[in-house]
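J.: Make the full structure from the sequences, and use the hints.
This is what each chain is made of:
Number of protein chains: 2
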Amino acid sequence: MATQEISTLQTIASRLRVHSLRSTSEAGSGHPTSCLSAAELVSAVFFHAMRFDPADPANPNNDRFVLSKGHAAPVLYAALAEAGVWPTESLLSLRKITSNLEGHPTPRIPWVGAATGSLGQGLSVGVGMALNGKCLDQSDYRVYVLLGDGEIAEGGVWEAAALASYYQLDNLVAIIDVNGLGQSQRTMYDHDIEVYAKRFAAFGWEACTVDGHNLEAILTALDAAQAVKGRPALIVARTLKGKGVSFLEDREGWHGKPLKKGEELESALREVSSNGDDGPFLVARPAASTAAADTASSAFPEPTYQLGDKVATRSAYGTALAKLGGVDPRVVALDGDTKNSTFAEAFLKAHKDRYFECFIAEQNMVGAAVGLAACGKVPFVSTFAAFLTRAFDHIRMAAISGVSIKYVGSHCGVSIGEDGPSQMGLEDLAMMRAIPNSTVFYPSDAVAAERLTALAATLKGATYIRTSRPATPVLYLNTEAFPVGGSKTLRASGSDRLTIVAAGVTLHEALQAYEMLKAAGVVVRVIDAYSVKPIDAQGLLHAAAQTNNTVVVVEDHYYDGGLGDAVLNAVAAHGVRVHKIAVTEVPRSGKPEELLDAYGISARRIVERVKTLTA
Amino acid sequence: MATQEISTLQTIASRLRVHSLRSTSEAGSGHPTSCLSAAELVSAVFFHAMRFDPADPANPNNDRFVLSKGHAAPVLYAALAEAGVWPTESLLSLRKITSNLEGHPTPRIPWVGAATGSLGQGLSVGVGMALNGKCLDQSDYRVYVLLGDGEIAEGGVWEAAALASYYQLDNLVAIIDVNGLGQSQRTMYDHDIEVYAKRFAAFGWEACTVDGHNLEAILTALDAAQAVKGRPALIVARTLKGKGVSFLEDREGWHGKPLKKGEELESALREVSSNGDDGPFLVARPAASTAAADTASSAFPEPTYQLGDKVATRSAYGTALAKLGGVDPRVVALDGDTKNSTFAEAFLKAHKDRYFECFIAEQNMVGAAVGLAACGKVPFVSTFAAFLTRAFDHIRMAAISGVSIKYVGSHCGVSIGEDGPSQMGLEDLAMMRAIPNSTVFYPSDAVAAERLTALAATLKGATYIRTSRPATPVLYLNTEAFPVGGSKTLRASGSDRLTIVAAGVTLHEALQAYEMLKAAGVVVRVIDAYSVKPIDAQGLLHAAAQTNNTVVVVEDHYYDGGLGDAVLNAVAAHGVRVHKIAVTEVPRSGKPEELLDAYGISARRIVERVKTLTA
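Taken in order, these protein sequences are the chains called A and B.
For what it's worth, the numbering used here labels the leading residue of the first sequence as 137, then goes sequentially.
For what it's worth, the numbering used here labels the leading residue of the second sequence as 137, then goes sequentially.
Everything labelled a hint here was simulated from the structure, so no lab data went into it.
It should be emphasised that the depicted structure is a prediction, and the values quoted were computed from it without experimental measurement.
In this text, a Cβ means the ideal position worked out from N, Cα and C, and glycines have one as well.
Each hint should be verified, as a subset may be incorrect.
[What the hints assert, rightly or not] Result set (DSS-like, lysine-lysine): computed pairs, CA atoms no more than 25 Å apart in a straight line:
hint : chain 1 : residue 1 : chain 2 : residue 2
1    : A       : LYS396    : B       : LYS727
2    : A       : LYS446    : B       : LYS396
3    : B       : LYS334    : A       : LYS365
4    : A       : LYS334    : B       : LYS365
5    : B       : LYS334    : A       : LYS334
6    : B       : LYS365    : A       : LYS446
[Unchecked claim] Which stretches of chain A does chain B cover? Using the computed rule of at least three CB atoms under 8 Å from a CB of chain B, they are:
hint : stretch
7    : 241-255
8    : 465-477
9    : 711-720
10   : 725-732
T.: Here's what the structure looks like:
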């Protein structure tokens, strides 16, 4: 396989510098000095180490590249131009609203599997891609991740580092561009490259240090990295921010600053330009793509519950996930040492090879899921709902990546009881509803939990399934369907005074409240809003119109951002009066039933509220 | 200073085991085996190493203790009982709704500075407390943090580890209880204590390993830790989960399981009980408390802007923070390598000793702020609004702690322009509104930004200030007051067709829209909703009533959870029609004005929308 000579790689590095300077100056914004420090590294990775087909970004045998230091996007775009992916002229469209070459890389570019730009996340994405290659596809592609040094402070990097060595990901090569300068000051360790090497070595990596502008040394390191077995490899490269331009090199105050077009830019270009060949330049190729993409192979086996069985929705989730794994080979599961609580363990038992224990490290778990999704897998990621907040930035970035991930949060609400507020998911609906175009499900029984889990596998983007800790009665027949954006009317009559909307644990409280109210001569409608987003606006409006335009929403969630706001948005414009009942303060330990009552969402408290509204 | 003999410490350890078993059995829930592994460690820390006054939890000279492995709460409560803080009988109230002894520690207990229970956060809290002692109060108290081994996988721990050694926190002692068992399986490293020691040593700590059930070794290690200078100290203790009870020791499947009252519990108690003395036991005392608590010393100096000056609210924030630091000695600032963008650097320049650079590690930044707040400081924590999502779990736990922290997120919305979506805060209002009893401010000009920053310093709980990147005209006189829950009506007449509610960048767009609409014969009211939470419900209702009960809310934020929902909640019940304009998809790079227009929130697009509503 042909690779480039050092002199050619140096020419390429110069060209990458020229492109980075020109494109950011043209855009009037961007991070050229962060690109300049990485030029030799990127040249060597793309034109010596990696095997990929510039004409076929979807070839599953391509080596992967993740630019964790996403603000260096221009140098990535430049490398792809020099590989012939697009003309170098197009680099001048950087950051324009009409261009796919955004300020930080997004998958508008097929070469970018996952969006980066929020630092410290790229290594997790790389871990996911490496897990896919080594453990799932048994492919020999490699994953290269280029990080900055400032972002090594991010805990997510260390979560990824630990898991990468635990899973012996010797198809993963990380490179740190240590230019010593962060955004607002020098980094903690400046140019002390040994610190990084020592730390990653302590985390089980094979680590070496190089002069990041010495191509010979870089190539030696990359070749050595490819030969490492049983552990991931790290190359710590000492570089200079702004390398190649005398008035930029290692100077503070130039982060995120483009050069002004005119003499400032021209003088810099004079310094970095080379007399070498023009591109495009050849890259090493992978094997041709042969495998067809997996798809689901058969229908999801129906649930098998009896009405009235007491089953926790978290348990039914586990059952469903295991069944799903049996009919869809793309489904994989990740959990953060809570699998016996979330019931992801059912998937582990049934499909050991597709389960990834991520330990107590939720950020990396989500980042790895992004990497797996970028490789065509269908990841279900579970932990306690409360702990999904640990990964909100990764969930946010996953949405920017446009990948499809199913998040499953168990132990929602005060209904978990004595463990207390640190373990209670009370803001998870708010978090997941905020993600644009997300889907949010909140099943109230085992049948719904199974059906919605199966449905989630087919949906695009972010899907969230909220599960509960306590066992609750099965309400639906096994054949019941639960479409996206639907709801279920569980109690209705011609004389309903108002409609109660609920889901999960409070749906069961509402059904009890129904009986208590009925006994007191007050008949109400009860709706199970299992699809929190999109919500069944039509259904709710219809019910409201028949029930005095009065709706009571009760949820085991904080007051802002949850089911109540979903309902409010759906019906308020039509003159429907919405009364929200939710948890309005930080709760505390206690028995589940005591807490439901103390925080206003028990059957008794619902009855109280309805009575005041129907007095 | 008197400390206890080893035999006494062993007796205490036995008593801690008895209490942990009894209290969790009584509660019917809890994590006794996690307590049993830590008994010698806790005995040694409380009754040999720490100096504190059991009668005076507020003594600022007390050593601090943070139980990072918060699920071991019963052993902490037991230690406090054995120190005489409360009677041992009260331990049986564990997890009851009437008791302060919650499932995981919360500051209902004055000895608990910060709530724990979401793993991997305690070391950050300890870092904050240590920074306070070493850098601010120049006190010689020490901070002890007890961690579990499973939580070492959390990235937040490594953020804390790095910053602790960077700041040479030799008043910080961390102890890891390595019992090898996580929640759902054995940890990544089981009993390989050298791995932990090696990693922390690589992170600059003085690390040693001990048998965690050998008190002599533990005492030696604790004494050595106290003598370490210039770096934090770590003791890695090899322990057995369930130690002391033969049928529990090192057994899988016992995490989070109490023993059944009756023979199961009794047989365990027989094994762990000792014949030693009863408590309470003496602890070493600190110096008596002498210092009076700091308070703000003088009035905040007024802003000094001219109407029409173009100033970014992020810049005004920096100015205000520096002034605030001059009148309130408790104010401290933390930032995550964005100080030149958030303008926290103004505080650094003015009050170097009270500024803490936290580098690119937002989780630890928030956790450290919690530690500082627990020590009576008034922390302002800043980064890009988008990156505050990185710390959502820490923000969540800070709310459970009930501490007062001011979060400041800059670079909100698509208005930041070409950097693109990874840098845009678009869900930050949703996140911060979900926190119970939070305050959320969104200043539209420099005067408001300064006033609200000064006001924020006086507020309890979580306060969030959202700042914008672009420079915008000063709208208010320097003397204008901005009360919590207020709003400002900027344009009003007797014939307003509807009310536009906005804040920040879109408030300026709305003012431009006002002019364009007026020229077209459509007069509207414009309200600056600078207090997003609590929102000025009365003011909005009043305006709506005068303007055809029609309100248009426009925000540079995603559609769910932001200003629009705040308005909806305030007015919908009263028949006001609310039309929300917000960003409804993941945005992209482009010029700020192009993006505002593309995503529907520019002046032009507001005009378009208003015209359809008033046609």
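J.: Compare the structure with each hint and give your call.
T.: Going through the hints against the structure:
1. LYS396(A) with LYS727(B): Roughly 17 Å separates the two Cα atoms, so the pair holds.
2. LYS446(A) with LYS396(B): Roughly 23 Å between the alpha carbons, so the hint for LYS446(A) and LYS396(B) holds.
3. LYS334(B) with LYS365(A): 22 Å, holds
4. LYS334(A) with LYS365(B): At roughly 22 Å apart (the allowed maximum being 25 Å), LYS365(B) and LYS334(A) satisfy the hint.
5. LYS334(B) with LYS334(A): 10 Å, holds
6. LYS365(B) with LYS446(A): Not satisfied, since the Cα-Cα distance of roughly 59 Å exceeds 25 Å.
7. 241-255: Since 7 is at least three, the answer is holds.
8. 465-477: Held - the stretch 465-477 of chain A has 6 residues with a Cβ nearer than 8 Å to chain B, which meets the minimum of three.
9. 711-720: holds (count 7)
10. 725-732: holds (count 5)
Of the numbered hints stated above, the single one contradicted by the structure is hint 6.
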